[in-house]
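Here the structure of chain A is known, so what remains is to put chain B in place on it, guided by the hints.
Listed in order, the protein sequences are those of chains A and B.
Numbering-wise, our numbering comes out as the position in the first sequence, counting from 1, plus 37.
Numbering-wise, our numbering comes out as the position in the second sequence, counting from 1, plus 91.
FYI, nobody ran anything at the bench for these hints, they're computed from the structure.
On a predicted model such as this, the values are computed, not experimentally measured, just so you know.
Glycine included, each C-beta is placed from N, C-alpha and C at the ideal position.
Check each hint, because a few of them may be wrong.
[To be verified] 27 Å max Cα-Cα, derived DSS-like pairs, lysine-lysine:
hint	chain 1	residue 1	chain 2	residue 2
1	A	Lys64	B	Lys234
2	A	Lys56	A	Lys42
3	B	Lys234	A	Lys63
4	A	Lys53	A	Lys63
5	A	Lys42	A	Lys226
6	A	Lys53	A	Lys64
[What the hints assert, rightly or not] Far from chain B, some chain A residues (derived; all Cβ distances over 12 Å):
hint	residue
7	Glu218
8	Ala230
9	Ser310
[Claimed, not checked] Here are the in silico distance ranges between beta carbons for each label pair:
hint	chain 1	residue 1	chain 2	residue 2	range
10	B	Tyr329	A	Thr245	28 to 38 Å
11	B	Ser155	A	Leu88	57 to 67 Å
12	B	Arg334	A	Asn243	33 to 43 Å
13	B	Arg163	A	Leu88	32 to 42 Å
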Amino acid sequence: MISTKRALAQRRTLIKNVKDFWHVYKKNRAAFGGLALMVFVLSLAGFAPFLTPYEPRRMVAIPFIAPVWSHPMGTDNLGRDMFTEVLYGARTSLMVSFLAAFTSAIVGVLLGAISGFYGGYIDEIFMRITELFQVVPRLILALATVAIVGPSVWNLIWVIGLTSWPTTARLLRVEFLSLRERPFVEAVKGLGAGDIQVAFREILPNATYCIIVNVSFEVARAIITESSLTFLGLGDANIPSLGILLQNAQPYLQTAWWMSVFPGTLIVLAVLSLNLVGDGLNEALSPKLRER
Amino acid sequence: MSQVISRNGTRLSEAQTVSLRWFITRRILQSVPLILGVIILAFILIHLTPGDVTQIITGDTAVSPEYLSKLRAELGLDRPLYEQLVLYLAQAMRGNLGYSFISRQTVLSLILERLPITLLLVFVPLVFSSMIGIFLGVLASQKQYSFIDNTASLISVIGFSIPVFWLAQILLIVLSVQLRWFPVQGFMDVRANLQGLDLYLDIIHHAVLPSVALGAVQLALVTRITRASMIEILSQDYIVWARSKGLSEITITFRHALRNALLPVATVVGYNFGFLLTGAILVETVFAWPGLGRLLVDAIFFHDYPVITGQLIFISTMVANLVTDLVYGILDPRIRYR
Numbered sequence: 038m039i040s041t042k043r044a045l046a047q048r049r050t051l052i053k054n055v056k057d058f059w060h061v062y063k064k065n066r067a068a069f070g071g072l073a074l075m076v077f078v079l080s081l082a083g084f085a086p087f088l089t090p091y092e093p094r095r096m097v098a099i100p101f102i103a104p105v106w107s108h109p110m111g112t113d114n115l116g117r118d119m120f121t122e123v124l125y126g127a128r129t130s131l132m133v134s135f136l137a138a139f140t141s142a143i144v145g146v147l148l149g150a151i152s153g154f155y156g157g158y159i160d161e162i163f164m165r166i167t168e169l170f171q172v173v174p175r176l177i178l179a180l181a182t183v184a185i186v187g188p189s190v191w192n193l194i195w196v197i198g199l200t201s202w203p204t205t206a207r208l209l210r211v212e213f214l215s216l217r218e219r220p221f222v223e224a225v226k227g228l229g230a231g232d233i234q235v236a237f238r239e240i241l242p243n244a245t246y247c248i249i250v251n252v253s254f255e256v257a258r259a260i261i262t263e264s265s266l267t268f269l270g271l272g273d274a275n276i277p278s279l280g281i282l283l284q285n286a287q288p289y290l291q292t293a294w295w296m297s298v299f300p301g302t303l304i305v306l307a308v309l310s311l312n313l314v315g316d317g318l319n320e321a322l323s324p325k326l327r328e329r
Numbered sequence: 092m093s094q095v096i097s098r099n100g101t102r103l104s105e106a107q108t109v110s111l112r113w114f115i116t117r118r119i120l121q122s123v124p125l126i127l128g129v130i131i132l133a134f135i136l137i138h139l140t141p142g143d144v145t146q147i148i149t150g151d152t153a154v155s156p157e158y159l160s161k162l163r164a165e166l167g168l169d170r171p172l173y174e175q176l177v178l179y180l181a182q183a184m185r186g187n188l189g190y191s192f193i194s195r196q197t198v199l200s201l202i203l204e205r206l207p208i209t210l211l212l213v214f215v216p217l218v219f220s221s222m223i224g225i226f227l228g229v230l231a232s233q234k235q236y237s238f239i240d241n242t243a244s245l246i247s248v249i250g251f252s253i254p255v256f257w258l259a260q261i262l263l264i265v266l267s268v269q270l271r272w273f274p275v276q277g278f279m280d281v282r283a284n285l286q287g288l289d290l291y292l293d294i295i296h297h298a299v300l301p302s303v304a305l306g307a308v309q310l311a312l313v314t315r316i317t318r319a320s321m322i323e324i325l326s327q328d329y330i331v332w333a334r335s336k337g338l339s340e341i342t343i344t345f346r347h348a349l350r351n352a353l354l355p356v357a358t359v360v361g362y363n364f365g366f367l368l369t370g371a372i373l374v375e376t377v378f379a380w381p382g383l384g385r386l387l388v389d390a391i392f393f394h395d396y397p398v399i400t401g402q403l404i405f406i407s408t409m410v411a412n413l414v415t416d417l418v419y420g421i422l423d424p425r426i427r428y429r
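Looking at chain B on its own, in the form it has when it is part of the complex:
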């Protein structure tokens, strides 16, 4: 049996282990309806398609009616709508998101192929911006309407107001084109034929600007939420009590207030993971980064609907799983062992 170790290192008792497992099971049970909902939404979307899907597959080529009806039967389009829905649900729940009209590959394999390349862009900004954002938020909350607070608020308002792809364009124009500090576009230098460490360094060099663009928006968000949450927590009785015990401001801020203030921050970051991913899709377009964004933009261009809806389902499922209070459970023991 795997041992479950809690955060402060003590081993959890049998009962606690069971309740933890029950907690996770319950959370998964809660996220299933959400995922079902997303799949139904995707199904509805596909059926909003003007005309018939077969028209898109065959394109302008003239085909015999027999072929068309065969194709319709093959795709299950001749069955009643509710049967199609059940079939679609059953397939999607098993991870079958359909086949691309264009490349004939499974949508899932196309997505999984590109996913790591996109996550590379998303992960670093997520970690760094969250850390800096929490720090700035805490700093701003210390003295409301002080110079630091106003500056932090201004930065976060501006950060909220800049479309991430435009920020990417500006970074590209200034830092890559004018100053030549970074490569202009792409994932790596294909002509240099790099290997080993040099290759990784090259990829990182290419990833800096897109990450900065994504991180800026994330930073604005985290700063704002942390500030608001800290201000609320700092006015509570137990903080006053801690202060009257004579604890130092640093202890109060970081040990007493921040722990609790992080809860809403984590939830918002969880909900906004989807926002970050969509940001990545836009930024990828600017930097010609071959991730999910490119896949999606190509799919839009070629009317490759299974790829579009497949990404919708895939990304929503990721976010749903992240959101469904696992974030809460990890941070707040009260929720975990109810």
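In isolation and in its complexed conformation, chain A is listed as follows:
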């Protein structure tokens, strides 16, 4: 009985929080536009099979047709429909980026939480490692790794994920450093909770906003990293991705502008939408900014 009451109360506060959040978020026009843009891009990628009659990587017409009604984004050097390629390319790029950002969030949260929770020499060691990963240009590290382990979609995911966690780790560490001194943590500790319970059940929920905001920026950055890597030839050429399309466009820049313009535009739209949403989330969720 008591537990159901508690669950109900929790649900009510959750609903209230979501409503509060939405109230603040929708006022920010840029963030709202970003959300709409994100939905648009995601549905382009998600509904690709329904939006185009063709299959990706198939020759469907003669090469180098400039954009016309039947091929709204033209065709490429092998007569593949660019509209189809772009839709399916966005699918791959977005999937890789979301999974990579997820991987990096897990690593970053774990390292940051442990570092900030324990402090001392563990913190010192972890921060040196983080510093190392921040000093090494992430694209070059990712590039070297993919070049060595071989270009495949899965390799791209874990390599991008494992080279982009430092920001998350640093943010989480700072949150943990300040939260672990709060009275409620003392209280829970006094009640005999173990380290893991205190860190992940009590402190972590208070740092959620910072993770959510950061993940949206990380996805945006992962899209750029993914397209950069595949642009340099480190992608699986059998699966279209936006970077591969741009790599393919490179030799034909002087004749077939559409091969570069459309895939690039989609990258910009995706990244822009995520950055705007990230800014909006930051404003709506951050306790500090909300007080204004």
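Here is chain B on its own, set in the frame of chain A:
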């Protein structure tokens, strides 16, 4: 003895000179572990190679097992892993980054050969974009959420969202191919056989578009950081106090606030120097610019691992040295003379 002159022209005292030297030594000591870490990372990467390095060197040609074992001994592959690591570290710390599988030249000489050509692309955008970015950031911070602020924020968000190599492609399509204002690709016009000033002007003409592409991203970054940093500084007590003294807004902004606001900007620019270099590598690919980027892309294509890891070590070392608070030390006297 060299004289150390501080920024406002006064000569530093003996004690200050000593502490400055100590400061630099300490910073170098701090960057060494970072560089060691980078080298170890590169070592791990090389050992992630599927199969054996000898397979890549010999390729598909059939070789005798004796030759293979000789090659392995020559490369030190027959020794235990920790010995290989120590050897690798010792070599790399002395600047020996190995030999290219393909050209048989030292990796360091290959990199140093290309470095100036890449720095040519990086340096100008770094200086110009930082100056314009700081100016825009200051302008935007003056009145939060004003028209100027919103425009500056929008520009920086868009600048962040454009992959630098795509921007390069678009600039090439519009300004070189369509409008014919700039040469399409390359480092200089090889057919014209130019000399002296004409040659330099030609190189500059070729460098404009890649620099603009690189500068745009840098501009977005610097504007954003400067704005945020200025807004934070402008709300502090000493600014309020300066204002109540009746100082003009211009004096407050540039003499009191900006000096302090530049600290985080410098750090971010330092950290992002690596980002700028990687941007240069991508942009070089678009403009067929024969710098580090070409070297790296070729190395990827030919599986020339020593060149790839060598560049990783080289560029990271550059960034590490730049970052390790020297940036701070130059700008903030408090850190220098602790």
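Exercise for review: Against the earlier hints, flag every one the structure doesn't satisfy and list their numbers going up.
Suggested key: As far as the earlier hints go, 9, 13 are violated by this structure, in ascending order.
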